[in-house]
Amino acid sequence: MGTKDDKFLQDYEQIRKLIRMQFLYDDFTVDHAAGIGLSVSRYNELKSTLSAYIKSKEANTESRRINNKKTFSLKNSMFINGYNYLCDTFGAKNIVPSQFESYIGILQLLYKRRGEYVSLADISAESGSAAENSTLNNHLNELSDMGYIDVRGNGYQKFACLSQDCLGMVEENEDMVMFLDMISLMRNITQPYLCGNMMFRTAVSAFRNDGTLADYENPFTFAQSHFEQVLDDEIVWKLICAVHQGKKISCRYRGCERLVCPLEMATNAETGRRYMLAADENDSLVSMRMDQISYAEITDENFSTEQFRERLREARKYSFTGTVLLNGGEIPHTVELDFLPSMRETLERLFPDIEFTSEGSICSAKVLVNSEKEIKPWLRRNMDTVKVKDGTPLAEEIAEDMEKWRKVYGIV
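The opening position of the sequence shown corresponds to residue 15 in the numbering used here, with each subsequent residue numbered one higher.
Mixed in with the good hints, there may be bad ones.
Unchecked claim - Have a look at the derived ranges for each label pair, beta carbon to beta carbon:
#	residue 1	residue 2	range
1	D136	R303	25 to 35 Å
2	D314	E369	45 to 55 Å
3	S308	F370	29 to 39 Å
4	L245	L354	50 to 60 Å
What the hints assert, rightly or not - Below, a list of computed lysine to aspartate or glutamate pairs in the EDC-like style, where the Cα atoms sit at most 16 Å apart:
#	residue 1	residue 2
5	K252	D314
6	K403	E373
7	K403	E386
8	K262	D314
9	K262	E320
10	K380	D415
11	K331	D367
12	K403	E359
13	K401	E328
14	K380	E359
15	K262	E328
16	K261	D314
17	K261	D297
18	K380	D352
19	K261	E320
20	K401	E350
21	K252	E278
22	K262	D294
23	K403	E350
24	K403	D352
25	K252	E320
26	K401	E411
Worth flagging that the hints you see were computed from the coordinates, not collected in a lab.
The beta carbon of each residue, even a glycine, is placed where N, CA and C say it ideally should be.
Start from the sequences and build out the full structure, keeping to the hints where you can.
See below:
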């Protein structure tokens, strides 16, 4: 008979798997449970264990808890629970979502370029943080105080590197590695009323008045396939390790044996599916659906991401999310934006070949993207400073989506 500690570890592993696969929702079904080897009764037991953990943390997390009464009124908000869970995991106090996202962007970049000191300018350009340099500088100091990074330099020039303690923790702790890699799934949870993918199924439940999906229209960018995509836990872990270690992997993709160099993993914003970007046997860049990888083994062959970095950047030049490779000969879409002058520097950094068409209190510009759907989550997050030019089909789509969200969350 197993000990109490054995049972705790078993519960912890399965709860972590549930959280990672985003199945902790009210509309959890028998099919979902069977898909990950759990009975419904076992799922309910694990969910109760997690709920007890969350309740035990409430007294200590009130200062970090987002006030949801002003923005939406859903009970049992998975956004709040997920946000507090990540705060506990990260170990930071009193952080807001935008600050949290900046932290993660910095850590992801420094982990990708581990072993070298990265300048403040490069961090600002490559980490995906929209923070001003002065704010970014403060975030570096805060991460340094927490022991996550080492900072060198003076007031004129500053460099940062992932600390040895943090690097050791990441390489030895599966949760921390998964946390850094899978955080891209949380990118859309930077404003409560926009929710993002963790809130999607809870929002679907709010649409149901009779327990069905009758007259249901998907108000969010991600397709339902985002949540139906079942990934093999062991394969995902091997892919993550291979990316971080710079090792080639031998895999079976759609029935064919492949030897590839895994470069990055990310989510396609149009379909919601998880992809691995890799270089194949001929050093050609390929995009592989992770749920189509039926077998994977890490080999002893090393490779350098440096030889592919520039090619990968060019291949996805007009992919706003950085996950969809532009097909040969395909013409990117032109999107016209109106924005506040304070966003000019951010737009220049995010969009290649941007064309500014007018200046003033409200500025205008044309940007190129692979798909208009890719840019929709970012536009929602920045709707107070950037919007699509009125009268375009994309502007009408976003307006309709936001009207549906307002009704769901009781926003007047």
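Is the Cα-Cα distance between K380 and E359 16 Å or less?
-> holds (14 Å)
Straight-line alpha-carbon gap K403 to E386, limit 16 Å | holds (13 Å)
Distance restraint evaluation - L245, L354, Cβ atoms, bounds 50 to 60 Å = violated (40 Å)
Would the pair K252 and D314 pass a check requiring their Cα atoms to be no farther apart than 16 Å?
-> Holds. K252 to D314 sits at ~13 Å (cutoff 16 Å).
For the pair supplied as a hint, K380 and D415, confirm whether the alpha-carbon distance does not exceed 16 Å.
-> violated (23 Å)
Take a quick look at whether K403 and E350 sit within 16 Å of each other, Cα to Cα.
-> Status holds; Cα separation ~6 Å.
Assess, step by step, whether the Cα of K261 is no farther than 16 Å from the Cα of E320, and give holds or violated.
-> Holds, because 13 Å separates the two Cα atoms, which is no more than 16 Å.
Proposed proximity, D314 with K262 (alpha carbon, max 16 Å) | holds (7 Å)
Hinted pair K380 and D352, Cα distance within 16 Å = Holds, at roughly 9 Å.
Hint consistency between K252 and E278 [alpha-carbon to alpha-carbon, up to 16 Å] | The given pair, whose Cα atoms are some 13 Å apart, holds under the 16 Å limit.
Is K403 within 16 Å of E373, Cα to Cα?
-> holds (15 Å)
Are the Cα atoms of K401 and E411 separated by 16 Å or less?
-> Holds - the C-alpha atoms of E411 and K401 are around 12 Å apart, at most 16 Å.
In the structure shown, a violation is registered for the earlier hints numbered 3, 4, 10, 12, 13, 15 and 25, in ascending order.
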